[in-house]
Amino acid sequence: MESKPQLKTLRDFASFVGGELVGDGSIEIERPTTVGSDDEHGIAFAESTKYIEEAKTRCLGGVIVPAETVDFPSAHIKHANPRLAYLKILHYFERPIEQAVGVHPSAFIEEGGFVHASASIGAMAFVASDAMVHDQAIIMPYAYVGPGCVVGVGSVVMPHAVLVQDVILGSYCTVGPGSVIGHSGFGYAWDGQKQLRIPQVGGVHLGDSVDIGALTAIDRATADYTRIGEGNKIDNLVQIAHNVELGPHGVYASGVGIAGSTKVGARAMLGGQSGYADHLVIADGVALAGRAAGLTSISKPGAYGGTPAIPIADYMRMVAAQKDLPKLVKRVRALEKEVKTLKGEE
Amino acid sequence: MESKPQLKTLRDFASFVGGELVGDGSIEIERPTTVGSDDEHGIAFAESTKYIEEAKTRCLGGVIVPAETVDFPSAHIKHANPRLAYLKILHYFERPIEQAVGVHPSAFIEEGGFVHASASIGAMAFVASDAMVHDQAIIMPYAYVGPGCVVGVGSVVMPHAVLVQDVILGSYCTVGPGSVIGHSGFGYAWDGQKQLRIPQVGGVHLGDSVDIGALTAIDRATADYTRIGEGNKIDNLVQIAHNVELGPHGVYASGVGIAGSTKVGARAMLGGQSGYADHLVIADGVALAGRAAGLTSISKPGAYGGTPAIPIADYMRMVAAQKDLPKLVKRVRALEKEVKTLKGEE
Amino acid sequence: MESKPQLKTLRDFASFVGGELVGDGSIEIERPTTVGSDDEHGIAFAESTKYIEEAKTRCLGGVIVPAETVDFPSAHIKHANPRLAYLKILHYFERPIEQAVGVHPSAFIEEGGFVHASASIGAMAFVASDAMVHDQAIIMPYAYVGPGCVVGVGSVVMPHAVLVQDVILGSYCTVGPGSVIGHSGFGYAWDGQKQLRIPQVGGVHLGDSVDIGALTAIDRATADYTRIGEGNKIDNLVQIAHNVELGPHGVYASGVGIAGSTKVGARAMLGGQSGYADHLVIADGVALAGRAAGLTSISKPGAYGGTPAIPIADYMRMVAAQKDLPKLVKRVRALEKEVKTLKGEE
Numbered sequence: 105m106e107s108k109p110q111l112k113t114l115r116d117f118a119s120f121v122g123g124e125l126v127g128d129g130s131i132e133i134e135r136p137t138t139v140g141s142d143d144e145h146g147i148a149f150a151e152s153t154k155y156i157e158e159a160k161t162r163c164l165g166g167v168i169v170p171a172e173t174v175d176f177p178s179a180h181i182k183h184a185n186p187r188l189a190y191l192k193i194l195h196y197f198e199r200p201i202e203q204a205v206g207v208h209p210s211a212f213i214e215e216g217g218f219v220h221a222s223a224s225i226g227a228m229a230f231v232a233s234d235a236m237v238h239d240q241a242i243i244m245p246y247a248y249v250g251p252g253c254v255v256g257v258g259s260v261v262m263p264h265a266v267l268v269q270d271v272i273l274g275s276y277c278t279v280g281p282g283s284v285i286g287h288s289g290f291g292y293a294w295d296g297q298k299q300l301r302i303p304q305v306g307g308v309h310l311g312d313s314v315d316i317g318a319l320t321a322i323d324r325a326t327a328d329y330t331r332i333g334e335g336n337k338i339d340n341l342v343q344i345a346h347n348v349e350l351g352p353h354g355v356y357a358s359g360v361g362i363a364g365s366t367k368v369g370a371r372a373m374l375g376g377q378s379g380y381a382d383h384l385v386i387a388d389g390v391a392l393a394g395r396a397a398g399l400t401s402i403s404k405p406g407a408y409g410g411t412p413a414i415p416i417a418d419y420m421r422m423v424a425a426q427k428d429l430p431k432l433v434k435r436v437r438a439l440e441k442e443v444k445t446l447k448g449e450e
Numbered sequence: 105m106e107s108k109p110q111l112k113t114l115r116d117f118a119s120f121v122g123g124e125l126v127g128d129g130s131i132e133i134e135r136p137t138t139v140g141s142d143d144e145h146g147i148a149f150a151e152s153t154k155y156i157e158e159a160k161t162r163c164l165g166g167v168i169v170p171a172e173t174v175d176f177p178s179a180h181i182k183h184a185n186p187r188l189a190y191l192k193i194l195h196y197f198e199r200p201i202e203q204a205v206g207v208h209p210s211a212f213i214e215e216g217g218f219v220h221a222s223a224s225i226g227a228m229a230f231v232a233s234d235a236m237v238h239d240q241a242i243i244m245p246y247a248y249v250g251p252g253c254v255v256g257v258g259s260v261v262m263p264h265a266v267l268v269q270d271v272i273l274g275s276y277c278t279v280g281p282g283s284v285i286g287h288s289g290f291g292y293a294w295d296g297q298k299q300l301r302i303p304q305v306g307g308v309h310l311g312d313s314v315d316i317g318a319l320t321a322i323d324r325a326t327a328d329y330t331r332i333g334e335g336n337k338i339d340n341l342v343q344i345a346h347n348v349e350l351g352p353h354g355v356y357a358s359g360v361g362i363a364g365s366t367k368v369g370a371r372a373m374l375g376g377q378s379g380y381a382d383h384l385v386i387a388d389g390v391a392l393a394g395r396a397a398g399l400t401s402i403s404k405p406g407a408y409g410g411t412p413a414i415p416i417a418d419y420m421r422m423v424a425a426q427k428d429l430p431k432l433v434k435r436v437r438a439l440e441k442e443v444k445t446l447k448g449e450e
Numbered sequence: 105m106e107s108k109p110q111l112k113t114l115r116d117f118a119s120f121v122g123g124e125l126v127g128d129g130s131i132e133i134e135r136p137t138t139v140g141s142d143d144e145h146g147i148a149f150a151e152s153t154k155y156i157e158e159a160k161t162r163c164l165g166g167v168i169v170p171a172e173t174v175d176f177p178s179a180h181i182k183h184a185n186p187r188l189a190y191l192k193i194l195h196y197f198e199r200p201i202e203q204a205v206g207v208h209p210s211a212f213i214e215e216g217g218f219v220h221a222s223a224s225i226g227a228m229a230f231v232a233s234d235a236m237v238h239d240q241a242i243i244m245p246y247a248y249v250g251p252g253c254v255v256g257v258g259s260v261v262m263p264h265a266v267l268v269q270d271v272i273l274g275s276y277c278t279v280g281p282g283s284v285i286g287h288s289g290f291g292y293a294w295d296g297q298k299q300l301r302i303p304q305v306g307g308v309h310l311g312d313s314v315d316i317g318a319l320t321a322i323d324r325a326t327a328d329y330t331r332i333g334e335g336n337k338i339d340n341l342v343q344i345a346h347n348v349e350l351g352p353h354g355v356y357a358s359g360v361g362i363a364g365s366t367k368v369g370a371r372a373m374l375g376g377q378s379g380y381a382d383h384l385v386i387a388d389g390v391a392l393a394g395r396a397a398g399l400t401s402i403s404k405p406g407a408y409g410g411t412p413a414i415p416i417a418d419y420m421r422m423v424a425a426q427k428d429l430p431k432l433v434k435r436v437r438a439l440e441k442e443v444k445t446l447k448g449e450e
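Chains as they are written, first to last, in our numbering: chain W, 105 to 450; chain V, 105 to 450; chain E, 105 to 450.
The set of hints was computed from the structure by calculation and includes no laboratory data. Nothing here was measured: the structure is a model prediction, and the numbers come from that model. We put the CB at the ideal spot given by N, CA and C, even for glycine. There could be a bad hint or two in this list.
Pairwise CB distance ranges (calculated) [unchecked claim]: (1) E:D388 <-> V:A424: 28 to 36 Å; (2) W:S403 <-> E:S401: 40 to 48 Å; (3) W:P209 <-> V:D142: 52 to 60 Å.
In isolation and in its complexed conformation, chain W is listed as follows (with noise of 0.2 Å):
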């Protein structure tokens, strides 16, 4: 990792991130906050109006804001785009867990479990005999690496993650704690008196940059793979069933569920809660509002909401109708009334 500068002052921010120091630049700024927050030493972002009012009555050590903002009466830093700035300044802070590289003494290595020079092992770890952890990746204290199992160069497995069987990680990828990779997919087959098991023999496959929040859970396919595609962002809480393929650079938010063998498109955007029925096809670029559900199929790009999901302006037309469903039956009863007597039946 390249050394980092020393930063203390607002000055020292402004000429970070390149922008403009209005005000005090003596300011001693020690973390970043958000804009609701009175912390003397942070500094903050604001792009909208509504925040750039806000960030006028707090007494934040700094603040960043677009390069046309006047009349700003506290210290401040003008930026042609504070957001980016400010993610600058997050990376800054940013301290990420160290672990030493090697195994620690606690871990266990399984015979026959391959752990290169450069990657680490934390306390009570676990690498199953026939498991490979590749150059540079981290496997955190009580990380489960099972058999059959990959973690490609760089990647990150953190405490309490579980990679169960045959889960293939790419590069640079994350499994966030708890999370449960390659456990056997949900198969079973009623004979008749009892659920029979299908046995779950495929494994879980990762592209590269894939990140994996806390305790999804992500199942092995019943042969074959599960599939995650390159570069995709997976939040908390998240199931992906057995056979699911999703196709690169989606985002799937906190509560998703992906049901079985279904495939997903690239540049998914899954809404909190959201989720597709099993053995559909989704195509590329689909977003899903929080709490819809998919039950068919989709072939055209575009957002989407409701359950079962629709296209999202007629979903917004339908909620508002619903809304007021009450009055449209009242509507009717009157109608039903003047017909009655227009008919000369009251």
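Dock chains V and E against the given chain W, drawing on the hints supplied.
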């Protein structure tokens, strides 16, 4: 802990709860049970007519009934508040998991990690180098207390719970088995080709007396803290995203999801699988029915239901109207026909 | 375990499943696969016309097709029941995680904890002082078997699973990775100022042959037991609250939530993210569609959908009508106009 009295018979329990014994006081009571069981050594309580009638038909060791109950056929205890009396009995029978004070030989405390002499660190637990475990706190087997974490006085971190980084627990909190507090918030930005990770450098702050269930995730803030107010009770499999703030004394049932930066007021009551979208502000005293999803800020206390959430009375009317929707369609069709007839078109 | 035959070629597999070989029997088969792949050493099955047609276009090692199939262009096996034949092949290829009988040196058995001589306790597993692990049971790395827990004959507790306290597993059960069985039920009572915890002193009882997936939570009862009947199959990320009782042989998909004290009948089928509210009684043979939420007791077998759940046929009609709701609003508006005209008001 104070020493417990030794209670053996229904007479002992009647005296313990300050109730009036009716019938055979020599029956041996070995455990609490529920009205539905036939446990001859179990004690249950029954408040409503329905449960009192059911209790009459069961072979229980004893039942606590309201003081005014008459004609109860078997041995029982009359009490002004049966539920409270039963609560006292539950406390009597509770048998907390015991763990010796001090550090278990198989635990791993990184150099510089602080553990108070009155705290207890269980088998194979982990305390990072700049973490602190305060007086009488209990860290159970496999629990991970990461860098920058603080476990307050008397707090309990249960088996396999993970405090990832910069997590501050107040006093007398409980973090349930397998829960993950302080994992990186889910922040990404599309750069035109891939999702860029936004570093999450804030922490999580829990007030005093917060209970977290099993397998719940609370993410660290982008900057500043994700804040869980004093006295909150959070169930299993709940998601609390980065920079969320929960006011004090709320109850969050299983499956709830709160999206990023939303501020929930005091005494919130969230039913199972309900939730809030991101960046909302919710007033004190707002309750969400099970499955409800609040998609806009709520400024008025009260109960809400549906997706998007609306006042519960409106929701109930809407649900009723929805159920009758196919009938409404038929009524509209009939009206159209009649109007055509009236217009002389048919 | 009986020794497996050594199968190498398509001919070997045809004979193994009792099917009729058609074409080149010398093709080497190395693993099962699915119809969508082009694995030249993989074997798949195809039952429906759709999949048979797709299989014709792929470079598979072999395909199992219905006995009556004609004109299949590449090597295949004809079989009266392709699915059953494939199931046999999946069993052949299954490679259960092996763990030596006995107690791993890094495991921790508290004094008084019982482990049968034929059981296997993996690396860094924990067995509490008054817990029991019976014949041929397998406790995998990091699994926690807490006080008062009993693991029945041949049951498997997978890595990082937690049996908190007073959890009784029948014979041949599986508890998946990271699942938490026996954590305190979510019981609180508002005392006017704060939420008081109601002690949960009951346990959890699992019948024989119950499978629990990954990251599923089953809470201990307030008193008595939370009961999971024989043969139930429960997926990942499921919540079963305190004092719930599940009848035998049910199937509960991922994301399901069953609230406190609800009794579900035999042979239940719950779709993904569905659930029941608390204190309900559900008949035998009730199925819930994905996302459905039963809010009242159900006495009639059959399938239900929606929130609140209604008979599935009614639900389908309601969904169809909802989709057309904006059109219905327009029809009512048109009617109102026509009626006004008829009344001579316009």
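Here is how each hint holds up against the structure:
A beta carbon spacing of about 29 Å between D388 of chain E and A424 of chain V agrees with the range 28 to 36 Å that was offered as a hint. Judged by the Cβ atoms, the range 40 to 48 Å given for S403 of chain W and S401 of chain E holds: they are separated by roughly 41 Å. Against the hinted window of 52 to 60 Å, the Cβ-Cβ separation of P209 of chain W and D142 of chain V comes to about 55 Å, which satisfies the hint.
The structure fails none of the hints (numbered hints given earlier).
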